[in-house]
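Number of protein chains: 2
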Amino acid sequence: MIIDSHGHFTTTPAGHQEFRAGQLAALADPSLLVPAAPSISDDAIRESIEGNQLKLLRERGGDLMIFSPRAAGMEHHIPDVATAQAWAGECNDLIARVVGLFPEHFAGVCQLPQTPDGPLDGVVAELRRCVETMSFVGCNLNPDPSGGFWTSKPLTDEYWFPLYEAMVELDVPAMIHVSSSCNPSVHALGAHYLNADTSAFMQLLEGDLFERFPTLRFVIPHGGGAVPYHWGRYRGLAMRMGRPDPSELFRNVFFDTCVYHQPGIDLLLRVIDADNVLFASEMIGAVRGADPATGVPWDDTKHYVDRAELTEEQRHKIFEANVRRVYPRLDAQLTAAGR
Amino acid sequence: MIIDSHGHFTTTPAGHQEFRAGQLAALADPSLLVPAAPSISDDAIRESIEGNQLKLLRERGGDLMIFSPRAAGMEHHIPDVATAQAWAGECNDLIARVVGLFPEHFAGVCQLPQTPDGPLDGVVAELRRCVETMSFVGCNLNPDPSGGFWTSKPLTDEYWFPLYEAMVELDVPAMIHVSSSCNPSVHALGAHYLNADTSAFMQLLEGDLFERFPTLRFVIPHGGGAVPYHWGRYRGLAMRMGRPDPSELFRNVFFDTCVYHQPGIDLLLRVIDADNVLFASEMIGAVRGADPATGVPWDDTKHYVDRAELTEEQRHKIFEANVRRVYPRLDAQLTAAGR
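Line by line, the protein sequences give chains R and C. Mapped onto UniProt numbering, the consecutive letters of the first sequence carry residue numbers 1 to 339. Mapped onto UniProt numbering, the consecutive letters of the second sequence carry residue numbers 1 to 339.
For the record, the hints were derived by calculation from the structure and aren't laboratory data. Computed from a predicted model, the values in this text were never measured in an experiment. Where a beta carbon is used, it is the ideal one built from N, C-alpha and C, also for glycine. Fair warning: there could be bad hints in the mix.
Unchecked claim - Here's a subset of chain C near chain R, in silico, CB distances under 7 Å, partners left out:
| no. | residue |
| --- | --- |
| 1 | T198 |
| 2 | Y229 |
| 3 | R270 |
| 4 | W298 |
| 5 | A321 |
Unchecked claim - Between beta-carbon pairs, the in silico distance windows are:
| no. | chain 1 | residue 1 | chain 2 | residue 2 | range |
| --- | --- | --- | --- | --- | --- |
| 6 | C | E169 | R | M241 | 40 to 48 Å |
| 7 | C | A37 | R | V168 | 52 to 60 Å |
| 8 | R | R307 | C | R307 | 17 to 25 Å |
Work out the full structure, taking the sequences as your base and the hints as a guide.
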């Protein structure tokens, strides 16, 4: 079984973004009404999914995708808590509908209603709602709700602990994933995403978070940002700082395979143990189209993993076993369905 | 000949940092006098260099190092222009003395007196002073003087053009290098440095800077941040954005070999043409000590380059020819000395 652990609903029916536009308009002009929930038909959802994510998943040999709202659309930089709450709720409800329509092919991961340095009680409540009432299996956690200015506390700060306590209790992991960049010096897809992966890993290396939360689990996407490429740097820095070797973090931290060329995947799998790599493509995401030199779609990461030097056991871990281990609620659902 | 293109004077005699401390104290308390230039003897400089950078350079088989002030010490986030000017002047004078004492082994690259969004006339003046009166061969350019908040304009913005005009006229490159991080969420050595490399490359990919300045040259250190590891991502993003292939930037942009393990160097040299890689170690810099598993010092990048799959011609380019091409004033000095 092949599980793609990182997909976003980037092709939502039109009403969804219209709701968001109306919400932002009402925030800017209090004389406007907050829009009602959009009316999106099951057929519209089916059409979008079948023509995009599910089509590619099938074509490329995948069986199931862990699916969450569009990352760039989370827009946690908008400081109004009620707006964040309504928007995350709407986005997550849409994911739940996708999962309900295609239960064999999608599992839900939720957007959290974060705001810059905002309260976390609503964040925890939305996580609980998604996991307990809609069978979601994880969440996406934004380490920089400011959108490119990094004004929030590091992930090791106690500010985040209420969320971690709920994650541990519910036994769900978080994928560390920023949203759009409000900073013209930091391009969202070409800099902010990768920088966030790198910064998050270094924050974890600097602290003792997993001593306090030994079962907390984070997935750092996009192949761990710059980390595997600079693995010697991290090992040397950890030594110089008197910290444990960074590989100690691999009890709790996992990287995915959203790296869009063969040499990058080869480096990832040469440096990081197969126990800590989750298969993922992030399709349909940042990088669309195919390499004109080879015809291989950039984000067809299965193509690269298939060609990497791996044993069958390692391949099974990356494509399935690790994902089930990191997302135990998904594993339970699959097991209950005889898969 | 083996040229290490990236070294900082991280082991300055005590008086140098005392001057800086006095300068910052006077800035905080106007009743205090701005300190006079420190009295540092030639012997103190000789002792520091011979026991550190020159010792390692010799032990590892290097011949010459391109040498600049300590990167983390530039501290461009201090907004006072006069302070920045005096500090850069002092740092650069010290580099000039190192070069004067060891002309066969060191060539100077200057710190610029940048401030967040500050005027560039003094920056240009200091560049001219260093190049025209002290024979420096390049400069370090900080794309984020704020120190981790990225409040400045992208490198493609016309804010920077007066500096580029001087660089083109003087025919000197800039190494893109941030300084310390003031942001507790972004560790200087483990995140900020690499993120800056990545962000800078993406800024250049978004713009047409080199159409306006076709002979302008930038070195992006630390192996290009996350870029080579994610090369497919950059190619795919460029296509999606309707931009030229990112390899087009390699007329003007070069990466160095400050990547501290064999798999990272192998990836760099597999992905990036040997014409665009400059040998560098950044010693004595961020990462000190040796890998306990192999005994190889983390920053002995020559060890890794020696073991990479390269032809003799490629090796010659990386160790010498590219550096002389990117730093033509260094090449002229070496040629004049019969080297």
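Here's how the hints hold up against the structure:
At its closest, the beta carbon of T198 (chain C) sits 5 Å from a beta carbon of chain R; the interface hint therefore holds under the 7 Å criterion. Contact between Y229 (chain C) and chain R, as hinted, is supported at the beta carbon level, the nearest pair being about 4 Å apart and thus within 7 Å. Of the supplied interface hints, the one on R270 (chain C) holds, with its beta-carbon coming within about 5 Å of a beta-carbon of chain R, less than 7 Å. About 4 Å separates the beta-carbon of W298 (chain C) from the nearest beta-carbon of chain R, less than 7 Å, and the hint is met.
With a cut of 7 Å, the hint placing A321 (chain C) at the interface with chain R is violated, because the nearest CB-to-CB distance is about 24 Å. Checked against the given bound of 40 to 48 Å, the beta carbons of E169 (chain C) and M241 (chain R), roughly 43 Å apart, stay inside it. Under the hint 52 to 60 Å, the C-beta atoms of A37 (chain C) and V168 (chain R), about 57 Å apart, fit the expected range. Between R307 (chain R) and R307 (chain C) the beta carbon distance is about 24 Å. The supplied range of 17 to 25 Å therefore holds.
Of the numbered hints listed earlier, the single one contradicted by the structure is hint 5.
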